[in-house]
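Here is how the chains run, residue by residue.
2 protein chains.
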Amino acid sequence: MTDAPMTAQAAATATAGDILSSHLTAQAGAFLRALPLAVGEVGARPGTAAVVPAAGTADLLGTVRRIGGLLHTFGSVFEQAWAQESRTELRWLLNLLALEPGYVRRSARLLGALDSLSGSDPDGTGMLAGHTGAPKARALLDRQLTLARTRAHSSVLQELRSARLHALADRMTLLVGEAPLLEAAGGRAPAVLLPQAAAAVAVLSASAQQLPLRRAATPYGGDGLRRLGAVPAARGAVDADTALAADDAPWARMRILVKRARYALEVCGRTSAELDELDGVLGRHQEAADAAVTVATAARTPRITPATAYVLGVVHADQRLEVEAARYAFGRRWPDLPPGLDGWLDLPAAEGWGHSPAPRTA
Amino acid sequence: MTDAPMTAQAAATATAGDILSSHLTAQAGAFLRALPLAVGEVGARPGTAAVVPAAGTADLLGTVRRIGGLLHTFGSVFEQAWAQESRTELRWLLNLLALEPGYVRRSARLLGALDSLSGSDPDGTGMLAGHTGAPKARALLDRQLTLARTRAHSSVLQELRSARLHALADRMTLLVGEAPLLEAAGGRAPAVLLPQAAAAVAVLSASAQQLPLRRAATPYGGDGLRRLGAVPAARGAVDADTALAADDAPWARMRILVKRARYALEVCGRTSAELDELDGVLGRHQEAADAAVTVATAARTPRITPATAYVLGVVHADQRLEVEAARYAFGRRWPDLPPGLDGWLDLPAAEGWGHSPAPRTA
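First to last, the protein sequences are chains A and B.
Residue numbering for the first sequence follows our numbering, starting at 13 and increasing by one per position.
Residue numbering for the second sequence follows our numbering, starting at 13 and increasing by one per position.
Just chain A, same shape as in the assembly (with noise of 0.2 Å):
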């Protein structure tokens, strides 16, 4: 396994297969290194310890992103049935470990919103201060988001034994150094790498076009909370909860664009600010959203008392407020950026590769 800089020379005439290659060997091996950190730290703690994720976790979050990515923009350079395997399996993973740090995140989110509307500080009064509902509120969320967590937990436990990850392990013990590249591999890596970073690009943009960004980027349009965009007729009769993943879904679409792009980038060279910066909005935006159906969901609990469901209609209310205010800041920052990233593609061809960075893994 190397993850050392190759020489500019070295660099300038690389095929695409050394470059994913040794991009990949860097990021498996950032996974092997991370993976028995993170099944310590899941094993060593209990269900409700408050600080996830720890390093492990979320280094292990982060290259399992980064190959998953790898494998979907360039794609076309390996070995289809093996890199369709690997992205299922990485995707299992994904999900598994994110589980439980997004319920944390989530109970700090919503924990915190409470606490500021139903403040009292002398510099920070909330809509809510003083309120009776408030202490229910707060003891009921908590409630339901530590359960959850729980039980998320457990299930990592219990998949961190599973033959399923280990074969996983083997499959990233193998990709070092031996990644099964196709044929199109051996050409210069500019000539087959870039159009296809570029595609990634052009997908992205896209897709933003298809999103209301002109409405997005005037304040308190009330995008979050009044004028969601309209949901396909075929699915019947509109309730809230349809109306709201409909709208939402196309932002959640933008940020796995917006990661694609980031990580299609690395590779060949480039980082963007600007794209790391969108990809926080978005991450805001679909945890703000998330957090907003956990509120409507509690909100549902039976026997909670009017006042309760009060301060849970005000938390609903602000966490759409909040997904209205990621819309809006990707909105304001988004018309900049096409042609900026068309520029970094544009680059002439040798340019760019004189070095493999160092693993990323934020």
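Just so you know, these hints were derived from the structure itself, not from any lab.
In this list, chains with the same sequence are indistinguishable; a pair is considered to hold if it fits within one copy or across any two.
Simulated crosslink set (SDA-like; lysine to any residue; CA at most 25 Å straight-line): (1) K148 / V305; (2) K148 / T313; (3) K148 / A160; (4) K148 / R239; (5) K148 / T254; (6) K271 / L111; (7) K271 / P192; (8) K271 / G295; (9) K148 / T317; (10) K271 / L106; (11) K148 / A319; (12) K148 / R312; (13) K148 / P314; (14) K148 / T309; (15) K148 / R315; (16) K271 / A261; (17) K271 / D288; (18) K271 / T283.
Using the hints provided, position chain B relative to the given structure of chain A.
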């Protein structure tokens, strides 16, 4: 009574008293024309008719505000006791007449918000679409606002026959052509009136500097929901109602100052589309803040269902969001204004007195 335009020559040599008398005569005339219409309108409709304010009431409110503002801003040239008494009586009528139309607008605002939040139009689905609490919350708000409005209607009906209103009408009749001016009113109009109008604008500017305008001009800062301003410590334990009232108060005061500045500029022959617009923005602020209080009160109704309370929580947050949106609109528009306002009052002193515009009542 005359509201014919003064000739340019007459205007150039007019005294402050001439200008003020001309304005007061025009407005008092408008008052006396609108009063019987307004009385007829109130008397003719039952307490639950849908469309108020009718034209007579709206005109009457406009003239009452203008006369009161004029007596305040240019108070030094009027007999003190008379001006003070007149303002007190005008404020009494304003509060009396504004109450019922206020409830009608609040009802339209809140039921409209609820319909929008629970709407299931394909093009504008709301986050409460299909929620079982929505019809109940709507019925509750409708019932409480109709009751408040009926009470307001009864007290207007009663007071419209009162000796107090007749005395005020007599006072306005005497005002036509005969405002009780002091000697200071004999000075030339620009020399006397411009400094007083400038003082009204200066008070407006100074008050605006006290508002968190920079924060307000950053969208989605949470100013309406989470980050209410500090409550003076002397008020004891902070509850949400106190905190919200304290947070909204300086904006309500701004609205009064904007109106005073508008009316003072009108007397000086200037109009300002920007101030008219800010007046509208602060009007929306006030109505959203008042509507939010109504929802919070409705949510304390005993024996409502949790679903109803949940919907009221969402609507409450929605109205606080409208408050925040109005502050944003104000914060964005304000910074360009103070120099502009100063500019108008720095015009050569004799200009702009060329005509006394027909009385505005909007």
